[in-house]
Amino acid sequence: MTEIKIVYFAWVRERVGVAEEIIDVPQNDLTVEALAELLSQRDEGYALAFENPKLVRAAIDRVHAKPSDMIAGAREIAFFPPMTGG
Amino acid sequence: MTEIKIVYFAWVRERVGVAEEIIDVPQNDLTVEALAELLSQRDEGYALAFENPKLVRAAIDRVHAKPSDMIAGAREIAFFPPMTGG
Amino acid sequence: MTTRITVRIQADAFDVADETDALNSPNEDVGAVSTFIGYCRSEGGRLNALELEHYPGMAEDEIKRVVDEACTRWPLSSASVIHRYGVMKPGDGIVFVGTASTHRAEAFAACEFLMDYLKTRAPFWKKEYRADGNIGDWVEAKSDDDAAAARWTSKT
Amino acid sequence: MTTRITVRIQADAFDVADETDALNSPNEDVGAVSTFIGYCRSEGGRLNALELEHYPGMAEDEIKRVVDEACTRWPLSSASVIHRYGVMKPGDGIVFVGTASTHRAEAFAACEFLMDYLKTRAPFWKKEYRADGNIGDWVEAKSDDDAAAARWTSKT
Numbered sequence: 001m002t003e004i005k006i007v008y009f010a011w012v013r014e015r016v017g018v019a020e021e022i023i024d025v026p027q028n029d030l031t032v033e034a035l036a037e038l039l040s041q042r043d044e045g046y047a048l049a050f051e052n053p054k055l056v057r058a059a060i061d062r063v064h065a066k067p068s069d070m071i072a073g074a075r076e077i078a079f080f081p082p083m084t085g086g
Numbered sequence: 001m002t003e004i005k006i007v008y009f010a011w012v013r014e015r016v017g018v019a020e021e022i023i024d025v026p027q028n029d030l031t032v033e034a035l036a037e038l039l040s041q042r043d044e045g046y047a048l049a050f051e052n053p054k055l056v057r058a059a060i061d062r063v064h065a066k067p068s069d070m071i072a073g074a075r076e077i078a079f080f081p082p083m084t085g086g
Numbered sequence: 001m002t003t004r005i006t007v008r009i010q011a012d013a014f015d016v017a018d019e020t021d022a023l024n025s026p027n028e029d030v031g032a033v034s035t036f037i038g039y040c041r042s043e044g045g046r047l048n049a050l051e052l053e054h055y056p057g058m059a060e061d062e063i064k065r066v067v068d069e070a071c072t073r074w075p076l077s078s079a080s081v082i083h084r085y086g087v088m089k090p091g092d093g094i095v096f097v098g099t100a101s102t103h104r105a106e107a108f109a110a111c112e113f114l115m116d117y118l119k120t121r122a123p124f125w126k127k128e129y130r131a132d133g134n135i136g137d138w139v140e141a142k143s144d145d146d147a148a149a150a151r152w153t154s155k156t
Numbered sequence: 001m002t003t004r005i006t007v008r009i010q011a012d013a014f015d016v017a018d019e020t021d022a023l024n025s026p027n028e029d030v031g032a033v034s035t036f037i038g039y040c041r042s043e044g045g046r047l048n049a050l051e052l053e054h055y056p057g058m059a060e061d062e063i064k065r066v067v068d069e070a071c072t073r074w075p076l077s078s079a080s081v082i083h084r085y086g087v088m089k090p091g092d093g094i095v096f097v098g099t100a101s102t103h104r105a106e107a108f109a110a111c112e113f114l115m116d117y118l119k120t121r122a123p124f125w126k127k128e129y130r131a132d133g134n135i136g137d138w139v140e141a142k143s144d145d146d147a148a149a150a151r152w153t154s155k156t
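Protein chains in written order, with our numbering: chain E, 1 to 86; chain Z, 1 to 86; chain U, 1 to 156; chain S, 1 to 156.
Since the hints were derived computationally from the structure, they do not count as laboratory data. Warning: the hint list may mix true and false statements.
So the derived label-pair ranges between C-beta atoms look like this [to be verified]:
id: 1; chain 1: E; residue 1: E21; chain 2: S; residue 2: D15; range: 21 to 31 Å
id: 2; chain 1: Z; residue 1: E37; chain 2: S; residue 2: D68; range: 53 to 63 Å
id: 3; chain 1: E; residue 1: K5; chain 2: U; residue 2: D132; range: 34 to 44 Å
id: 4; chain 1: E; residue 1: E21; chain 2: U; residue 2: G86; range: 22 to 32 Å
id: 5; chain 1: S; residue 1: H103; chain 2: U; residue 2: D137; range: 14 to 24 Å
id: 6; chain 1: S; residue 1: P75; chain 2: E; residue 2: I23; range: 43 to 53 Å
id: 7; chain 1: E; residue 1: I22; chain 2: S; residue 2: G91; range: 51 to 61 Å
id: 8; chain 1: U; residue 1: G86; chain 2: S; residue 2: D18; range: 23 to 33 Å
id: 9; chain 1: E; residue 1: D43; chain 2: U; residue 2: D137; range: 17 to 27 Å
id: 10; chain 1: E; residue 1: E21; chain 2: S; residue 2: D29; range: 54 to 64 Å
With a Cα cut of at most 20 Å, we get these calculated EDC-like pairs of lysine to aspartate or glutamate [as the list claims (entries may be wrong)]:
id: 11; chain 1: S; residue 1: K64; chain 2: Z; residue 2: D61
id: 12; chain 1: S; residue 1: K89; chain 2: U; residue 2: D21
id: 13; chain 1: Z; residue 1: K54; chain 2: S; residue 2: D61
id: 14; chain 1: Z; residue 1: K54; chain 2: S; residue 2: D137
id: 15; chain 1: U; residue 1: K127; chain 2: S; residue 2: D29
id: 16; chain 1: S; residue 1: K127; chain 2: Z; residue 2: E14
id: 17; chain 1: Z; residue 1: K54; chain 2: S; residue 2: D92
id: 18; chain 1: Z; residue 1: K66; chain 2: S; residue 2: D146
id: 19; chain 1: U; residue 1: K142; chain 2: S; residue 2: D137
id: 20; chain 1: E; residue 1: K54; chain 2: U; residue 2: D137
id: 21; chain 1: S; residue 1: K142; chain 2: S; residue 2: E128
id: 22; chain 1: S; residue 1: K89; chain 2: U; residue 2: E28
id: 23; chain 1: Z; residue 1: K5; chain 2: S; residue 2: D132
id: 24; chain 1: U; residue 1: K89; chain 2: S; residue 2: E128
Owing to the predicted nature of the structure, the values given are computational and were not obtained by experimental measurement. Ideal Cβ placement from N, Cα and C applies to all residues, glycine included.
Given only the sequences and the hints, what does the whole structure look like? Please build it.
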């Protein structure tokens, strides 16, 4: 098991119910996609947050990531909706 | 003969030697091009100002004009180089 | 060309005159400054405010990456991006982008590029506060914005 | 859409903050303001100053025609053009163009259109005052500028 920090923003944060948390993941060679799948099984809030994977973006250590990117070695994974700044 | 006001700008003005003048033109149905040709025969300064017709632009009553436009009825004709504002 | 880069993420309002002046001075060979300011809109009276949430650790880094990308594409003497977070009222400035170059085509292109990329890459999210007193929805990302950003990948 | 139009030809310097603020207020549905400022350049130290001559009777009318053309192409809530004449030192602002619209693409496009058209249609001419003390040549028009203006005739 590996400890990893997860942060959430906007409606992903609201649905999950926390802004950040440290969780244990079973292995370190997960993809972003697989991590999201794991999280979505935690409870209804998480399930709702990740129900449409196309609407959830991720960053690994504060750099945009693709669903297929590996989280190996990462310290902080972020999940959030498509950005609406500017 | 018809009286008409002619104004000059930038190096056209410097070559002609005056900023504006009122001249008599033999008829009122001249084109801009024909007026420039008439003016260029006045003296060496005018000849130099109009030596390259492609580099001299004109306006009729403060609206950009083409060489083939008629000056009939106009009160003010302007000659100037290509613009370099902005 | 060395570009003077300013990137700030802040809660406070920005001063358009100061930010614009900073783009020009002290270089006497800046011929062209292009700026863009994005404001909070009332959407025809529907909204009282927008709240901008951001990812503090990432927002500045990501915007710097976008500015660096602009600098590889155009010869800029200065480039500034200032992006606010927090609650904005209609009429408040949310984002300031400014570019300075010798000629205008480069300044315009870089400024528009920065805005297009900020819209799709900077980790900010807008929530609506409705005029009827309710907290409304999170603003949805527009496919227009993705299309605008995608224009730049086929160029240069 | 009614556009609030400001066109001024003046010897005095303009205030970027005032002009930019004027584009936004009092409309709470302005989401986007694009501005452009053209400055006098030293051309790498070669020039002490530029003198701008203009055609007083025509400059304002012609710029108004260009602004009207922009208003037929894009939904603008405000459009401003301020063009100075007289002697400018390197670093002095010569022209300010600003546009306001609901969305950014329209504001950017209209601002760039106005600059491209001003360059080729506004009756202004620049004369160089060289750093070596001599009065230099009149600045020659660039074919780039004609090409930039011509882009807009094949669009919309």
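Now the hints, each set against the structure:
no.	hint	result
1	E21(E) to D15(S): 21 to 31 Å	violated (51 Å)
2	E37(Z) to D68(S): 53 to 63 Å	violated (34 Å)
3	K5(E) to D132(U): 34 to 44 Å	holds (38 Å)
4	E21(E) to G86(U): 22 to 32 Å	holds (24 Å)
5	H103(S) to D137(U): 14 to 24 Å	holds (19 Å)
6	P75(S) to I23(E): 43 to 53 Å	holds (49 Å)
7	I22(E) to G91(S): 51 to 61 Å	holds (53 Å)
8	G86(U) to D18(S): 23 to 33 Å	holds (26 Å)
9	D43(E) to D137(U): 17 to 27 Å	holds (23 Å)
10	E21(E) to D29(S): 54 to 64 Å	violated (40 Å)
11	K64(S) to D61(Z)	holds (15 Å)
12	K89(S) to D21(U)	holds (16 Å)
13	K54(Z) to D61(S)	violated (24 Å)
14	K54(Z) to D137(S)	holds (19 Å)
15	K127(U) to D29(S)	holds (17 Å)
16	K127(S) to E14(Z)	holds (12 Å)
17	K54(Z) to D92(S)	violated (32 Å)
18	K66(Z) to D146(S)	holds (16 Å)
19	K142(U) to D137(S)	violated (51 Å)
20	K54(E) to D137(U)	holds (19 Å)
21	K142(S) to E128(S)	holds (15 Å)
22	K89(S) to E28(U)	holds (9 Å)
23	K5(Z) to D132(S)	violated (38 Å)
24	K89(U) to E128(S)	violated (47 Å)
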